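Undergrad: What follows is the residue order along each chain.
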Amino acid sequence: MSLTDGFGAGARFLPIGFRTLMRREILRYVRRPRNTFLPPLITNVLYFSVFGVILGERVGEIQGVSYILFLLPGLVVLGAISNSFENASFSIFHGRWNEYIQATTTSPISYTQMVLAYVVSSALRGVLIGVLIALVGAVFTPVTVEHPLYLIAFMAVITTLFAGFGVIGGLWARDFDYLTVMNQFILRPLVFFGGVFYSLEILPPLWTYVSLLNPMVYMVNGVRYGFLGAETVDVGPNSALVVLTVAAVVVVLIDIALFRRGYGLTE
Amino acid sequence: MAAIETDDLRKRYGDLRALKGVSLEVDEGEFFGLLGPNGAGKTTFINILVGLVRKSGGEARVFGYDVEDDYEEARDAIGLAPQEFNVDRFFPIEEVLVHKAGYHGVPKDVAKERAEEALRTVGIYDKRDTRFHWLSGGMKRRFMLARAMVTEPDLLILDEPTAGVDVQLRHDLWDIIKRMNEEGTTVLLTTHYIEEAERLCDRVAILDEGEVVEVSTPDELMGRGKDTVRVKLSKDIEEPPATLDGDYETRVEDGELVVETRNAGGTLAEVLRELDRAGHEVVDIEMSRTSLEEIFVDMTRSHEDVTRTQTTGDGQGDGA
Ligand SMILES: Nc1ncnc2c1ncn2[C@@H]1O[C@H](COP(=O)(O)OP(=O)(O)OP(=O)(O)O)[C@@H](O)[C@H]1O
Ligand SMILES: [Mg+2]
Numbered sequence: 001m002s003l004t005d006g007f008g009a010g011a012r013f014l015p016i017g018f019r020t021l022m023r024r025e026i027l028r029y030v031r032r033p034r035n036t037f038l039p040p041l042i043t044n045v046l047y048f049s050v051f052g053v054i055l056g057e058r059v060g061e062i063q064g065v066s067y068i069l070f071l072l073p074g075l076v077v078l079g080a081i082s083n084s085f086e087n088a089s090f091s092i093f094h095g096r097w098n099e100y101i102q103a104t105t106t107s108p109i110s111y112t113q114m115v116l117a118y119v120v121s122s123a124l125r126g127v128l129i130g131v132l133i134a135l136v137g138a139v140f141t142p143v144t145v146e147h148p149l150y151l152i153a154f155m156a157v158i159t160t161l162f163a164g165f166g167v168i169g170g171l172w173a174r175d176f177d178y179l180t181v182m183n184q185f186i187l188r189p190l191v192f193f194g195g196v197f198y199s200l201e202i203l204p205p206l207w208t209y210v211s212l213l214n215p216m217v218y219m220v221n222g223v224r225y226g227f228l229g230a231e232t233v234d235v236g237p238n239s240a241l242v243v244l245t246v247a248a249v250v251v252v253l254i255d256i257a258l259f260r261r262g263y264g265l266t267e
Numbered sequence: 001m002a003a004i005e006t007d008d009l010r011k012r013y014g015d016l017r018a019l020k021g022v023s024l025e026v027d028e029g030e031f032f033g034l035l036g037p038n039g040a041g042k043t044t045f046i047n048i049l050v051g052l053v054r055k056s057g058g059e060a061r062v063f064g065y066d067v068e069d070d071y072e073e074a075r076d077a078i079g080l081a082p083q084e085f086n087v088d089r090f091f092p093i094e095e096v097l098v099h100k101a102g103y104h105g106v107p108k109d110v111a112k113e114r115a116e117e118a119l120r121t122v123g124i125y126d127k128r129d130t131r132f133h134w135l136s137g138g139m140k141r142r143f144m145l146a147r148a149m150v151t152e153p154d155l156l157i158l159d160e161p162t163a164g165v166d167v168q169l170r171h172d173l174w175d176i177i178k179r180m181n182e183e184g185t186t187v188l189l190t191t192h193y194i195e196e197a198e199r200l201c202d203r204v205a206i207l208d209e210g211e212v213v214e215v216s217t218p219d220e221l222m223g224r225g226k227d228t229v230r231v232k233l234s235k236d237i238e239e240p241p242a243t244l245d246g247d248y249e250t251r252v253e254d255g256e257l258v259v260e261t262r263n264a265g266g267t268l269a270e271v272l273r274e275l276d277r278a279g280h281e282v283v284d285i286e287m288s289r290t291s292l293e294e295i296f297v298d299m300t301r302s303h304e305d306v307t308r309t310q311t312t313g314d315g316q317g318d319g320a
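Heads up: the sequence lines are chains E and L, in that order.
Going by our numbering, the letters in the first sequence line up with residues 1 to 267, in that order.
Going by our numbering, the letters in the second sequence line up with residues 1 to 320, in that order.
What the hints contain is simulated information worked out from the structure, not anything from laboratory work.
Since this is a predicted model, take the numbers as computed values, not measurements.
No farther apart than 20 Å at their CA atoms in a straight line, the calculated lysine to any residue pairs in the SDA-like style are these:
id, chain 1, residue 1, chain 2, residue 2
1, L, Lys178, L, Gly123
2, L, Lys108, E, Phe13
3, L, Lys112, E, Arg28
From just these sequences and the hints, can you work out the full model?
TA: Put into structure tokens, the structure is as follows:
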């Protein structure tokens, strides 16, 4: 597997235990491409066709770019964070449900490394899906990347943040229903009202303010800034990046504390 | 240094006290058995050592490492075959072993060699590309042992490793475990097959309702049992001949003489001599020895009686 071998070669300085868990986590989804890559591929082809091409004709330009181009960063964020979240929560919950996570939790990998392995591998899945969605978008419309460093930074931070949330969800869940609930009732609404499909400036003032309380707005904005540049975003990227980074670090620290306490993992 | 050392180890699940202060010491290189009826707390004890259960009190150390403060070192020493199957279902079994070894810091190429070796040792190398849940029940047990040994642990913990396997496989597994112990691995084994403990263990602890009732060698335990000698005489008798007054007990059952003794060899000669002298003709002799199983059942039952009287408040005895 070229992906993980490349990872292994570039990471010799990392502890073997951590690397192995990371490899296991990545192989789990890479080896099942029909589960991992096909669903977002199909969903996003549909999004781009229906919203971008068919509706986009009617909508016209939004903040100086075609609707389909405006949409693209939002769909990348949507795919990236939901996949990071789902991967981490599923991997941990499924392992708990079937108890095979015990092979990991009873091994001499430190709690910090365990958490980082789950978070980084899940974040990586989010990034891969994000790239896939951008590529799908590029089939429909020419895409530029105005600020690549911002794009990379935002993608890294938001996928880490949501992988971190996914770890909490995976530890907290008592049933498979919990995973569905978290995704459908928390994640989706935040994303849909987070400016993926519309610009905040089209909202009445009150709703613009309410929307600014939604953290998703800043993520979508940041990634949109990375792709399309300054004219297309409602709020600037710098403070958002700082806040999101702090949030990601805090969530990962919470993950580590939960592992240390054995929350959801020990009796 | 002790391989396992626990001091007043306690575990509560809500109101249930699963371990009520267990102090045990398992020496390095020892083959140690943990016996006890269902629900005695054996699995709880083991799971505290590996970090699947959090202790409510007391101390537990593995090769001197505290199981909570020095969890990495403690877990590094342990190879566990748990009672319940808990195997990664996304990967073929060989890869599961490679991963497990990797978690313990074994580099990938070495891990692969170890995985193949472990699968060969337990005799399921042919199945290496199969997923765990497609193995037969016996193969699953074999695999659990393979996974426990793939990290070359100093302490092998086997929680009912031969539950539900056929006689042949049980003997195979015994041979493997025994060999590992002879090569220096400390083994902690729980089992409900007394024969298993008798054959394998240097010492056993009997756990009942979260308390250690007894720690001793299987031989010592067997010594607690009695030999029973039944002597059929040509004519039925009413009561034991009066001349039989050695260090043994006699009675008559169905016209046959029954002698209970701690030392069948010495007693038998004496009894036969006395019978001969009294003019009885011996037709048949039958000898039986209390099994470890009976001793075990007896111990845990009497312990249960003691705790019951204690909880009702009319027994102030110390339970001895
Ligand atoms: N997670 C749990 N929550 C509540 N009670 C538990 C839990 N795990 C075990 N117990 C209780 O603790 C006691 C000890 O259980 P344990 O599994 O340690 O027994 P055991 O000696 O291994 O029994 P067996 O021989 O049946 O495997 C039992 O009464 C059991 O019901
Ligand atoms: Mg048990």
